[in-house]
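Novice: Protein chains in written order, with the numbering used here: chain P, 1 to 285; chain F, 1001 to 1295; chain C, 2001 to 2296.
The set of hints was computed from the structure by calculation and includes no laboratory data.
There may be inaccurate statements among the hints.
Dumping the calculated SDA-like pairs for lysine to any residue here, alpha-carbon to alpha-carbon at most 20 angstroms [stated by the list, open to error]:
| # | chain 1 | residue 1 | chain 2 | residue 2 |
| --- | --- | --- | --- | --- |
| 1 | C | K2102 | P | A9 |
| 2 | P | K196 | P | W226 |
| 3 | C | K2102 | P | A25 |
| 4 | C | K2102 | P | A23 |
| 5 | C | K2102 | C | A2113 |
Stretches of chain C that chain P covers, calculated by requiring three or more beta carbons in the stretch to come under 8 angstroms of a beta carbon on chain P [as the list claims (entries may be wrong)]:
| # | region |
| --- | --- |
| 6 | 2075-2081 |
| 7 | 2172-2178 |
| 8 | 2213-2221 |
Here are some, though not all, of the chain C residues that point toward chain P, as calculated from beta-carbon distances under 7 angstroms [stated by the list, open to error]:
| # | residue |
| --- | --- |
| 9 | A2012 |
| 10 | V2030 |
| 11 | G2088 |
| 12 | P2241 |
| 13 | V2266 |
| 14 | L2268 |
| 15 | V2269 |
| 16 | G2277 |
Here a beta-carbon is modelled for each residue, glycine too, at the ideal position from N, C-alpha and C.
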Amino acid sequence: MRFDRNRIADVTFGASALVTGLAVAAIFGFLFLFALPVFTGGQGLSILSGVWNPGRGQFGILPMLAASLCVALSALALGWPLALGLCCGIRGFLPRPVGRLLLMLLRGMTAFPTVVYGFAAIFLLVPIMREGLGRGSGLSWATAGLVLSLVILPTMALVMDAGMRQTERRLRLTGAALGFTREQTLTHLVLPACRKNLLAAAALGFGRAIGDTLIPLMLAGNAPQWPSAAWDSIRTLTAHIGLVLATDSNSAAYGSVFVAGCLLLLVNVTVQLCLRSLLRTGETA
Amino acid sequence: MMTDTMHTEHDSGATASPDMTSGTACSAECGSLSGDSALPQSVAARLCDLNVFFGKRQVLNGISFEAHNHAVTVLIGRSGSGKSTLLRTFNRLNECFAGCRTSGHAQVLLEGTLTDIHTSFPEPAALRTRVGMVFQTPDVLPVSIRRNMTLPLQHALGLTPPVIAVRVERALRDAGLWDEVCDRLDAPAETLSGGQQQRLCLARSLAMRPAMLLLDEPTASLDNVSSRTIEALLGQLKDRYPVIMVSHSLGQALRLADRLVLMGSGRILRCWDRQNGLPDMETLELMLEETACCE
Amino acid sequence: MSRPATYFVRTAVWGAALIVPLALAALTGVLVTRGAGALDANLFFGGVPALQAMTGRIPVWDGIWPACAGTLSLLGLTMLLALGPGIGCGIYLATSTASRAKALLGFAVDLLAGIPSIVMGLFGFTMLLMLRRTIAPNAGASLLLAACCLALLVLPVLVSTTRAALESLPRQLHLTGAAMGLGKWQTLRHILLPSSARGILGGILLAAGRAAEDTAVIMLTGAVANAGLPAGVFSRFEALPFTIFYRSSQYRDALELEQGFATTLVLLVLSLSLLAGASKLQRTLEQRWQGIRDDD
Chain P
1 MRFDRNRIAD VTFGASALVT GLAVAAIFGF LFLFALPVFT GGQGLSILSG VWNPGRGQFG
61 ILPMLAASLC VALSALALGW PLALGLCCGI RGFLPRPVGR LLLMLLRGMT AFPTVVYGFA
121 AIFLLVPIMR EGLGRGSGLS WATAGLVLSL VILPTMALVM DAGMRQTERR LRLTGAALGF
181 TREQTLTHLV LPACRKNLLA AAALGFGRAI GDTLIPLMLA GNAPQWPSAA WDSIRTLTAH
241 IGLVLATDSN SAAYGSVFVA GCLLLLVNVT VQLCLRSLLR TGETA
Chain F
1001 MMTDTMHTEH DSGATASPDM TSGTACSAEC GSLSGDSALP QSVAARLCDL NVFFGKRQVL
1061 NGISFEAHNH AVTVLIGRSG SGKSTLLRTF NRLNECFAGC RTSGHAQVLL EGTLTDIHTS
1121 FPEPAALRTR VGMVFQTPDV LPVSIRRNMT LPLQHALGLT PPVIAVRVER ALRDAGLWDE
1181 VCDRLDAPAE TLSGGQQQRL CLARSLAMRP AMLLLDEPTA SLDNVSSRTI EALLGQLKDR
1241 YPVIMVSHSL GQALRLADRL VLMGSGRILR CWDRQNGLPD METLELMLEE TACCE
Chain C
2001 MSRPATYFVR TAVWGAALIV PLALAALTGV LVTRGAGALD ANLFFGGVPA LQAMTGRIPV
2061 WDGIWPACAG TLSLLGLTML LALGPGIGCG IYLATSTASR AKALLGFAVD LLAGIPSIVM
2121 GLFGFTMLLM LRRTIAPNAG ASLLLAACCL ALLVLPVLVS TTRAALESLP RQLHLTGAAM
2181 GLGKWQTLRH ILLPSSARGI LGGILLAAGR AAEDTAVIML TGAVANAGLP AGVFSRFEAL
2241 PFTIFYRSSQ YRDALELEQG FATTLVLLVL SLSLLAGASK LQRTLEQRWQ GIRDDD
């Protein structure tokens, strides 16, 4: 009797594991399946061309890819240093109570819905960008980049903090013995030791930024053009998918949506592989 | 004469596929008590040429010995000498650790016959209901005192509530704890003192009516008074249950042991029986020192 | 000992410590100042008496109650679908010894966690197309479809927190259970799971929070701006995040805009409470086992 119960339990949990694995395989599989006809059919590689003009039958999504990369990288460029700054502050540069408050703030930020960020930004930031820059409608690369950096900041900061906490505990005495102040221990001993962790946080932030839909959709303007200036209106891959499917316009455009989905999945896989190699110390699984 | 050694692959989770012939007597390094040849009835547990590996590391090397009924067998040795591993052989708890491989024979006296614990029990859980273990740090469960006692009786043995209630009271009395907890059985077990918790763990094992008691440094985390209480208990319990224990204290070992076993580097180095005279403290300390330089 | 390096870091620290809270305060401030005024029964029920509205006797056209009901139903259905596989998978990863399968599964879960939500919505859309072509030509975007996709989205959260909760228990508990003669499943059921229950519960709340706030998935799988109370799992529905999104560009007058702000506050309160609950549970789990951790 007992034996049977163990077997049943093992089988059940194994089954859930299988279901999860199959789900992941299904997602990748179906999306690639649906994207395939785009290449084997008439449209071929024109999907990856640089012009999007459905009216003239041109479905190039390269501008969208460029836009996604630009927005994600700029969000990373602003968000990562801020996250690092906050972490160092929490770990020693700022007085204890302040650090604790900041940590609570970061944790709270993870629960802040992205749609709410977008909503608030439309009515707060967009007018500022419009007046401040003097050109464009305020819905632009810059606006989206700024808010997106805020969105990815807590995830990166918490990952960095987890790594720094352990390392700082380990190296605190060493630093003190060498005559370092707490700040110097952090700067010269802990940060270099945490290099991998910091890079992993960056990879995670990048993945999160490139995968976000609501912020670019609400704030970046959605014009399918090559990003050239910070105040340009641009459309990311994620926003593109949302727009095409929501407006339900023209099924010829659907192909581009699946290709966009596949591109995003490829980016995801690459980011995950990078993370794995960075955190090879047997972190996940 | 040694028969085929049995190789049981015990990667945690895999079941044994033994290849054993009937256990014949192997020349025990530690002979029997006071001249009696090893009559099967007086032997409570026997190991024959036991080797235990964890991965590539060999922790026990060619162990052969016997533990007797109505006696306390105490294992002493420096840390790393394999005492706890040896103790855990008897309830196959080593298999819970990754990469464990055991070879050799191990037998325990169950219902009057010496039974091989690997071949007769495809599932170690059944064996462990017959062999009780108390750990170094009291491992009370984070539930009430009552639940600590009833959980194994209900789920490991499948007993009914009336039977359980009787056993619980009996076991708590045997462990000398009944008077202290009878009015607060539903309080969390963590509210008990260290010594009380350890006696609770002992009671928990006793309630299972085990064939043998295994104790791994049971008083290591307790103060002197609690330690003495436990030692007194063991003195009373040994008449009903054969006891094999590891001790961290030479003084305790000398007070309790009917058979004293000195281990070093995974081997049994020497045995003494109380009837033939136990060594004194200084000799023992010297011997322990010597085991260090041979490791 | 280079002074410049420390100086540089210090600048980053102070910069961040000022900018981030300020930015957050500004954004929240906008929401509160422009939305707090509209936080009343009218926001929810649009003039319809509360009881009639909640039971669906009278339809609510101008209030967000249908969206609230939609979000709650969506949450319920999603968690129903995700709990089993999520917790089961987490238990499997924490207790299994088959290292190859574990590594593979762990990678799959990580991949799943990194999939952008719009791609998950796209997957749901794809499933719909497949269904339409094959067994259910009349299939439409629905609560069930959205819940399935959301379940996939929150699955990794459940898996990671369950796994972490089980792995944070002291090793001794496994041994105690085994030494008592309990089998693997019995130890799990009577000792390990009850002891890590709080952590697992915290994970459930985190997952619920994630499901409540997601917009991209439901946008493509059945959320609409006006559908009334959820009429069953096969119908379209309203949801708070989508209503907010819709309202951001489609509002007819100042009142509607103000109500839009108020709706964001409602969603914010929901998300933050779920997070607070989860944190509290995680904290009590940590405290309980802190003194008894053994690191072997």
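Novice: Look at each hint and say if it fits the structure.
Specialist: We went through each hint and held it up to the structure:
1. C:K2102 to P:A9: holds (17 angstroms)
2. P:K196 to P:W226: Not satisfied, since the Cα-Cα distance of roughly 34 angstroms exceeds 20 angstroms.
3. C:K2102 to P:A25: holds (16 angstroms)
4. C:K2102 to P:A23: Since the Cα atoms of K2102 of chain C and A23 of chain P sit roughly 16 angstroms apart, the hinted pair holds (cutoff 20 angstroms).
5. C:K2102 to C:A2113: Roughly 16 angstroms separates the two Cα atoms, so the pair holds.
6. 2075-2081: The restraint on the region 2075-2081 of chain C is violated, since only 0 of its residues have a Cβ under 8 angstroms from chain P and three are required.
7. 2172-2178: violated (count 0)
8. 2213-2221: holds (count 5)
9. A2012: This hint holds: A2012 of chain C lies near chain P, its Cβ roughly 4 angstroms from the closest one there, short of 7 angstroms.
10. V2030: holds (5 angstroms)
11. G2088: It holds, given that the least Cβ distance between G2088 of chain C and chain P is near 3 angstroms, below 7 angstroms.
12. P2241: Nearest chain P Cβ about 5 angstroms off; hint holds.
13. V2266: violated (10 angstroms)
14. L2268: At about 6 angstroms, which falls below the 7 angstroms cut-off, the nearest Cβ of chain P leaves the hint on L2268 of chain C intact, so it holds.
15. V2269: Because about 10 angstroms separates V2269 of chain C from the closest Cβ in chain P, which is outside the 7 angstroms limit, the hint is violated.
16. G2277: violated (11 angstroms)
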